[in-house]
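**Q** Same order as they appear, the protein sequences are chains A and B. Okay, so the first sequence: first residue is 1 according to the numbering used here, each after it adds one. Okay, so the second sequence: first residue is 1001 according to the numbering used here, each after it adds one.
I should point out that these hints are in silico values taken from the structure, not numbers from a laboratory. Warning: the hint list may mix true and false statements.
The calculated lysine to any residue pairs, modelled on SDA-like cross-linking and capped at a C-alpha distance of 20 Å, are [claimed, not checked]:
(1) A:Lys174 <-> B:Met1186
(2) B:Lys1168 <-> A:Ser240
(3) B:Lys1187 <-> A:Lys121
(4) A:Lys174 <-> B:Phe1196
(5) A:Lys174 <-> B:Arg1185
(6) A:Lys143 <-> B:Lys1168
(7) A:Lys174 <-> B:Glu1184
(8) A:Lys174 <-> B:Leu1189
(9) A:Lys233 <-> B:Lys1168
(10) B:Lys1168 <-> A:Lys142
(11) A:Lys174 <-> B:Ile1108
(12) B:Lys1194 <-> A:Val32
(13) A:Lys174 <-> B:Leu1192
(14) A:Lys121 <-> B:Leu1192
(15) A:Lys142 <-> B:Pro1200
For reference, the chains in residue letters:
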Amino acid sequence: MKSGSNLEKVLEGGYFAVTAEVGPPKGTSAKVIQRKGELLKTYCDAMNVTDNQTAIVRMSSLSGCVILKEMGIDPVMQMVVRDRNRIAIQSDILGAVALGIRNVLCLSGDHQRFGNHPTTKGVYDIDSIQLVQTLKNMRDEKKFICGEEISGEVPLYIGAVETPFADPIEYRVKRLAKKVNAGADFIQTQAIFDVAKFIKWMEMVRDEGLDKQVHILAGVIPIKSVGMARYMKDNVSGISVPDEIVTRMEEAKVAKEEGVKIALEIIEQLEDIDGIHGIHIMAVAWEDIVPVIVERAGLLPRPIL
Amino acid sequence: MIIGKQKPFEEIWDMIKNFKKVLVFGCNTCVAICHAGGGKEAEILASMLRMRASLEGVEIEVKHAAIERHCEPEFFEPVMDNVRTSDMVLSLACGVGVNFLSERIGNIPVYPGINTEFYGAVPKAGIFTELCAGCGDCILHLTGGICPIARCAKSLMNGPCGGTNNGKCEISQDVDCAWYLILERMKKLGILEKMFEIQPLRDWSTGMYGGPRRIILDHIEEVEAQEERKGS
Ligand code: SF4
Ligand code: SF4
């Protein structure tokens, strides 16, 4: 075991993993995180805590993870390279490990221009692939970027993200290979709606032999309303929402129920794809639906390892 | 070249309104090409400031002048006496020029009339684009001649990020994704596989993060010193 995290045990044990996302509050209340943690605890194997997602200031991912950890939940600390230079990154990793955090997900982060402090200075000292490499080096060589020794172990399970449908698509699999070569143990993808397209993409992933080297968790976003479906189709790059899904949401009598049905159908198909080892549910501002989806998808009980 | 843009008129007026003798001082190299701070712009701005002064009923003498370059001492020599007769200089040179003149002009304040923006080119008349960030360690041979430091919004070394959208950057549909351009170019050059190697962390200390930079060419300094010795 590289880290001994629950997520690692589930994936290395060959189980189909379920992870969920927890957005920290725009405030100081630990209760917000605790409430979400309590709600999702028995329905997933690990919980991602986002890191100032869309460049909007929220409680830090590290503190959110500690709050979950205290509840016996296995947290995945998301870390973007937008806000920290290599000194802060390595220092936060040391602290996170000391506090019992074992999973770290490496991301570039949305550009600061999108957030609530658009006049800030982005850091981007290293990129997300270099972050994966840095964490691997800290764990396996016990070395800082500068080459100096780290005292103590750095047990980490290293994650990276992938947006399969961002262009140029033909290069995306190669870039995934770069992340794997850099040292990613698991991958969480952007939300998948166009399963047919994703199946083709996974074929390319298998052709490169990447499915044997890394655990890929496919992203799932339950759609709450037709407006949300349209918004994602038109505005979120790297997300491909087929017209059929938008039509189904338009015609649905109860939009939320249709959204759940769509999510369940997608999950069913994802489970059948060779090389997909789990799902990552991102129910932004609709966390209550996660238990329903996991239960109805037949993914309960979660393994206790 | 260095691209600049004239500051908003109100901001300039606020800078000069409490002085009596103002020199609007243009530079006829980079900032003239981008229509921000050449002799012509200095003349126009000076007349606008005069008009404003008379509208406000304040007495300000606004003169204008321009020299070829504000970044080398010899260009200033013929005009310095004249420049010193004003009680403030509104420089339309780039920031380099404002700094350089400030250190040489004694007690007279030198204020910036333009915002110095970036190192760029002129793909079409009236359009200026940033292409280099002066990072001090050029890697264009690795990226097909397209700069990821200046042209990728996140200065990624292993792009593109997940935000690229139809060849455009996630920050705006008006901005090309540098990494998309890099990949297309590498494909054309038949060396796309170079992109499969992980590019290492950058040494940013060669750029503006390592403190102010200075380059000394010993051989040139030596020649100059010899000439001086000969002369005396
Ligand atoms: S790599 Fe550095 S020197 Fe070369 S173009 Fe980019 S910023 Fe300029
Ligand atoms: S979209 Fe392209 S240019 Fe923009 S930040 Fe991402 S990689 Fe860089």
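**Q** Output the numbers, in ascending order, of every earlier hint that fails for this structure.
**A** 3, 6, 10, 11, 12 and 14
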